[in-house]
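So the sequences go chain by chain: A and B. Numbering-wise (the working numbering), the first sequence opens with residue 1 and increments by one. Numbering-wise (the working numbering), the second sequence opens with residue 319 and increments by one.
Note that these hints are calculated values from the structure, not bench results. Do not take every clue at face value.
[Stated by the list, open to error] Derived contacts from chain B toward chain A, CB cut-off under 8 Å, selection only: (1) G364; (2) D367; (3) D499; (4) I500; (5) L524; (6) V527; (7) D533; (8) K538; (9) A540; (10) L542; (11) P632; (12) H634; (13) D637; (14) S638.
[Unchecked claim] Listed next, the in silico DMTMM-like pairs over lysine to aspartate or glutamate satisfying Cα-Cα at most 20 Å (straight line): (15) A:K305 - B:E569; (16) A:K171 - B:D499; (17) A:K273 - B:D499; (18) A:K133 - B:E649; (19) B:K477 - B:E428; (20) A:K273 - B:E612; (21) A:K273 - B:D520; (22) A:K273 - B:E569.
Predicted model, so just to flag it, every value in this text is computed and none were measured. For every residue, glycine included, the Cβ atom is placed at its ideal position computed from N, Cα and C.
Here is what each chain is made of, one letter per residue.
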Amino acid sequence: MGGFFSIFNEDLLVATIRLSTPITLAAVGATVCERAGIVNIAMEGIMIIGAFFAVVVAYYTGNPWLGLLGGVVAGALFSMIHAVATITFHLDHVVSGAVLNILSFGVVRYLMVIIYGHPGTTEPIAKGLAEYKFAVPLLSKIPVIGPAFFNQTPIVYLSFLTVIFFLIFLKKTKTGLHVRAAGEHPLALETIGVSVVKMRYLAVLVSGITSGLAGAYLSIENSVSFTEGMSNGRGFIALAANISGGWTAIGSWLASLFFGFADALQIRFQIFKVLPIPAEFFIIFPYVATVLVVAGLVRRSRPPKAVGMDFMIEREED
Amino acid sequence: MLKGFKTLVFILVVLLISTGMVFAGGAQEEAAGEGFIAAMATDVGGLGDKSFNDGSYQGLLDAQSDFGIEARVVESKQQTDYVPNLMGLAEDGAEVVFAVGFLMADAMIEAAQNAPDACFAGIDIWVDPSTAPDNVLGILFKEQESGYLAGVVAGLLTKQYASASTKLNDDNVVGMVLGMDIPPVERFQAGFYAGVKSVNPDCEVLSVVTGSFVDQAKGKEAALAMIEQGADFIFQIAGLTGIGAINAARESGILAIGVDVDQSGVAPATVLTSAVKGITSATYLTIKAVLDGEFVGGDNKVFGINEGATGLAPFHNFDSMVPAEVKAALEKAIADLKSGKIVAPATRAEAGYEG
Chain A
1 MGGFFSIFNE
11 DLLVATIRLS
21 TPITLAAVGA
31 TVCERAGIVN
41 IAMEGIMIIG
51 AFFAVVVAYY
61 TGNPWLGLLG
71 GVVAGALFSM
81 IHAVATITFH
91 LDHVVSGAVL
101 NILSFGVVRY
111 LMVIIYGHPG
121 TTEPIAKGLA
131 EYKFAVPLLS
141 KIPVIGPAFF
151 NQTPIVYLSF
161 LTVIFFLIFL
171 KKTKTGLHVR
181 AAGEHPLALE
191 TIGVSVVKMR
201 YLAVLVSGIT
211 SGLAGAYLSI
221 ENSVSFTEGM
231 SNGRGFIALA
241 ANISGGWTAI
251 GSWLASLFFG
261 FADALQIRFQ
271 IFKVLPIPAE
281 FFIIFPYVAT
291 VLVVAGLVRR
301 SRPPKAVGMD
311 FMIEREED
Chain B
319 MLKGFKTLVF
329 ILVVLLISTG
339 MVFAGGAQEE
349 AAGEGFIAAM
359 ATDVGGLGDK
369 SFNDGSYQGL
379 LDAQSDFGIE
389 ARVVESKQQT
399 DYVPNLMGLA
409 EDGAEVVFAV
419 GFLMADAMIE
429 AAQNAPDACF
439 AGIDIWVDPS
449 TAPDNVLGIL
459 FKEQESGYLA
469 GVVAGLLTKQ
479 YASASTKLND
489 DNVVGMVLGM
499 DIPPVERFQA
509 GFYAGVKSVN
519 PDCEVLSVVT
529 GSFVDQAKGK
539 EAALAMIEQG
549 ADFIFQIAGL
559 TGIGAINAAR
569 ESGILAIGVD
579 VDQSGVAPAT
589 VLTSAVKGIT
599 SATYLTIKAV
609 LDGEFVGGDN
619 KVFGINEGAT
629 GLAPFHNFDS
639 MVPAEVKAAL
649 EKAIADLKSG
659 KIVAPATRAE
669 AGYEG
């Protein structure tokens, strides 16, 4: 095995991308959702639902692409509970999100017993998305960043596209402007004749789709089976990445990359026993590093003005 | 007014649904035999972990078919369920209640004090003999023996007999993926290290602690990082996190060693063997002891290789690949552990491993 500095190689960057992909996806979803004024702490639960249904569909159809679709659709549908609760029924956003997280674990265990006959881990699917890894010609030959960014598996590429798409969407499109207005000054948006409710539903749907995709990444691309609790807090890290990224798609991505990098690094620190301290200290390293960097770098970020605020128009018939 | 009402209705509906699911998913009962009831409360991992929860349950089922007892199982959803689950089983008339998992130690003592008529046995739980009530028994395993044997096999194959399989490389490196750093995990780790070093003193033995027993992605990354450094064996001691580690070994075309139960089924072309722990037989024997009136509580019982509770799973597909010399060394190590000529270390400190 090589010396300590052998860890600073292309593999470290590849590992960074692998570790950050699910966080990136959920964080961009969180960005869109919060920019529209809806706080979404349910990404953890949506991820679990997405991961589970991706495996179930891939298991029964034998096709991981249908599994991917299954995970996304399940995540989107599950997120609609949050939309209905917070937008239509004006429930507190945090309460609804917390309930969804708890609900997701119950739903998954219940369905696992029915479908697989036991909780815990599902039987492996025949073929995962990892088998569709492909290198982009030319670009993958770029030194250092080539293998990490351009020789990857399908959902990793999708996560890059997601970042770019929502970066442009929020900044440059009319609908993106409306979504942002729903989170900054909903009344003004309603006054010009655009439905705040519709924009907010759209934004929650986006977070459901991206979080479902993040779940599918965990279960059918990074692995070939589903394990209860396999998201292991990534939905909450995504929430933090969105905030430290200053509620922008690109910021969310960079924060997720940083977390993934710190995590990949601590695993390698453990291998080389860089410090004679208990392993638990290495495990908390990415969290501490993220907090420090965020506290140091992100001073001027400001949440959307109307985030978490209910929007209700008194109509005449009321 | 209307808003508050709607909120209330929403919360009630969700609560109803979720509690319904907890109950529906929570309890499974197997009815058979008459009179004697043996019961267990699982840890939060629940049945289907293909590890200690499933292993204990199998012991109950074996006792059910052999002795005609009734086996019951309740799954814990969260740590606060431990005491009510254990108490509930005792109150329902179970003669012996198993608390399955290191994390249930305090809950088992509390339940035992409140239900003095039932016997309690804790899998992977050490009880303090000076304070423990007479109706509790700690059941422990010498995981280090299974780890040691796995280490002997990996230590020989990684370098000296690396030509035996194309999945082995020339580097003298093996790796371990740990879940949480708790005593049973440490015993496996220390034993594995000692086993490797006994046959291959120059071998680099790497470990990564993931901090979780359910995070497949983390287990995979930990394994891949060690594979980058030349590891051609990954020993997983991480429960379901380890499924990800085995998956990494499969994708990288190297070999893995499973844990607790025979995990060959997870990846038949990757899992060479598994360091097993005879939870099933320990559970079975404990039920038998209670039935025969030979249950002695207030102390711990340690199951090792002489009780048939520790050892290696068969090589299955790899049986013809493993060289005869390696098999001979394994047989010798088994004999030495049985006779007490070798004592496998139970902690990193004893093994002299920084880990």
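These are the hints, each one checked on the structure:
Given hint, G364 (chain B) at the interface with chain A, holds; its Cβ is 4 Å from that chain's nearest Cβ, closer than 8 Å. Among the interface hints, the one on D367 (chain B) holds; its C-beta lies about 4 Å from the nearest C-beta in chain A, closer than the 8 Å criterion. Residue-level restraint check for D499 (chain B) holds (minimum Cβ-Cβ distance to chain A is 6 Å; threshold 8 Å). At a threshold of 8 Å, the smallest CB-CB gap from I500 (chain B) to chain A is about 11 Å, leaving the interface hint violated.
Hint status for L524 (chain B) relative to chain A: holds, with the closest Cβ pair at about 5 Å, below 8 Å. Checking V527 (chain B) against chain A by beta carbon gives a least distance of about 3 Å; that is within 8 Å, so the hint holds. At its closest, the beta carbon of D533 (chain B) sits 4 Å from a beta carbon of chain A; the interface hint therefore holds under the 8 Å criterion. The interface hint given for K538 (chain B) holds, since its Cβ lies 6 Å from the closest Cβ of chain A, which is under the 8 Å cut-off.
For A540 (chain B), the shortest C-beta to C-beta distance to chain A is roughly 5 Å, which falls under 8 Å, so the interface hint holds. Contact between L542 (chain B) and chain A, as hinted, is supported at the beta carbon level, the nearest pair being about 7 Å apart and thus within 8 Å. Using the Cβ-Cβ criterion of 8 Å, the hint placing P632 (chain B) at the interface with chain A is not satisfied: the shortest such distance is roughly 21 Å. For H634 (chain B), the suggested interface contact is broken, since its CB lies about 17 Å from the closest CB of chain A, more than 8 Å.
With its C-beta approaching chain A no nearer than about 23 Å, D637 (chain B) sits outside the 8 Å limit, and its interface hint is violated. Checking S638 (chain B) against chain A by beta carbon gives a least distance of about 25 Å; that is not within 8 Å, so the hint is violated. Using a Cα cut-off of 20 Å, the hinted pair K305 (chain A) and E569 (chain B) is violated, with the two alpha carbons roughly 47 Å apart. The suggested pairing of K171 (chain A) with D499 (chain B) is violated, with an alpha-carbon distance near 47 Å, which exceeds 20 Å.
Note on K273 (chain A) and D499 (chain B): the hinted pairing holds, with a Cα-Cα distance of about 15 Å set against a maximum of 20 Å. Taking the CA atoms of K133 (chain A) and E649 (chain B), the gap is about 43 Å. The hint is violated against a cut of 20 Å. Note on K477 (chain B) and E428 (chain B): the hinted pairing is violated, with a Cα-Cα distance of about 50 Å set against a maximum of 20 Å. Annotation: proposed proximity of K273 (chain A) to E612 (chain B) is violated, straight-line Cα distance about 48 Å (limit 20 Å).
Of the supplied pair hints, the one linking K273 (chain A) and D520 (chain B) holds, its CA atoms being roughly 17 Å apart against a limit of 20 Å. In summary, the hint linking K273 (chain A) to E569 (chain B) is not supported, as the alpha carbons are separated by about 26 Å, beyond the 20 Å threshold.
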